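Visitor: Residues per chain are reported as follows:
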Amino acid sequence: MDWYDTLLYLHVLAAFILVAANVTAWAMYVGTAGGSRPSPLVRMAPMGGLLGVVGSLGVLIFGIWLAIYVKGYEVWDGWVLAAIVLWAIAGYAGTTLGRGYEAFRAGEAPAPSLALHLILSGSILLLLIDMIWKPGA
Amino acid sequence: MSLLVIRPDEWNLPLLLHVAGAMVLTGAVVVAAAALVLSVRSDNDDRYPLVHFAFRTLLFAGIPSLIVMRGAAAWIESKEGLENTDSAWLGIGYATAEGGALLIIIATILAWLASRRIRTNPDGPSMMTRISMALTFVLIAAYVVAVWAMTTKPS
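In order, the protein sequence lines correspond to chains A and B. The numbering used here runs 32 ahead of the 1-based position in the first sequence. The numbering used here runs 1 ahead of the 1-based position in the second sequence.
Fair warning: there could be bad hints in the mix.
[To be verified] Here are the simulated SDA-like pairs of lysine to any residue, each with C-alpha atoms no more than 20 Å apart in a straight line:
1) A:Lys166 x A:Gly67
2) B:Lys154 x A:Leu39
3) A:Lys166 x B:Leu16
4) A:Lys103 x A:Met163
5) A:Lys166 x B:Leu18
6) A:Lys166 x B:Arg42
No wet-lab data here; the hints were simulated from the structure. If you're wondering where the values come from, they're calculated on a predicted model, not measured in any experiment.
Working from the sequences, and respecting the hints, build out all of it.
Guide: Here it is, written out as structure tokens:
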């Protein structure tokens, strides 16, 4: 396993962890019926937050490292810049969701909205499409 | 430094479905594992909803995404002409997908049986919950190895 393989593995593994965080958020949304009923599933909020932080930072760090390391890719390529913008959108939605579920769990705020879940899932799906098609590469 | 490799565009859709299916599958198993862990650590009132949610997560998210992942794997395998290849990474992929399918079905059935038992007897033992939880841990470990095999493609 060479250095490229190691970076690619860590990048993809981080993406899996990020999606696991997203599925955790959906589990809390479905389990609480959008916040309309109490559920012990909100105890997953700390795990979801941890998965989100590890996954999103891993995706960004190893992704940029790969873009620098691989001959033929540059950090300023359009598809890489698009990925960074999508990552920022996913990061905003994920952070807001994580804080929202922690506040909901403490009884301090209503559950996060469906729109936030859809923004997180949509941005991650677009990230995956961008990574596979690499438009302009 | 490594040179980029461009793959044909017609491989992209099956690859997207394969990777997305695998990601959702892993996420579903992680959530089911977390719900089962919380159930084992919970008092009586919380046990049933947690185990029942783990069962529904495996049934309605885990198994369908497993089917998407495996179907898309067969699709891209035929596009790449890998049907008769004897590579280690493909072997790991097959073992994880098909062995994992068996484990996820067993974990789903055990979670269903455990939820029925807890509903009728909230103070009863949780052996089936614990076995189902252990199977989800095995699945997560297998998926970490499978991601390594799929990305590094050892010969």
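Visitor: Tell me if the straight-line CA distance from Lys154 (chain B) to Leu39 (chain A) falls inside 20 Å.
Guide: holds (14 Å)
Visitor: Regarding the pair Lys166 (chain A) and Gly67 (chain A), is the alpha-carbon distance no greater than 20 Å?
Guide: violated (38 Å)
Visitor: Does the structure keep Lys166 (chain A) and Leu18 (chain B) at a Cα separation of 20 Å or less?
Guide: holds (16 Å)
Visitor: For a C-alpha distance cap of 20 Å, please report whether Lys166 (chain A) and Arg42 (chain B) respect it.
Guide: violated (45 Å)
Visitor: Hinted pair, alpha-carbon criterion (20 Å max): Lys103 (chain A), Met163 (chain A). Please report holds or violated.
Guide: holds (16 Å)
Visitor: Take a quick look at whether Lys166 (chain A) and Leu16 (chain B) sit within 20 Å of each other, Cα to Cα.
Guide: holds (13 Å)
Comparing the model with each earlier hint shows violations of hints 1, 6; every other hint is respected.
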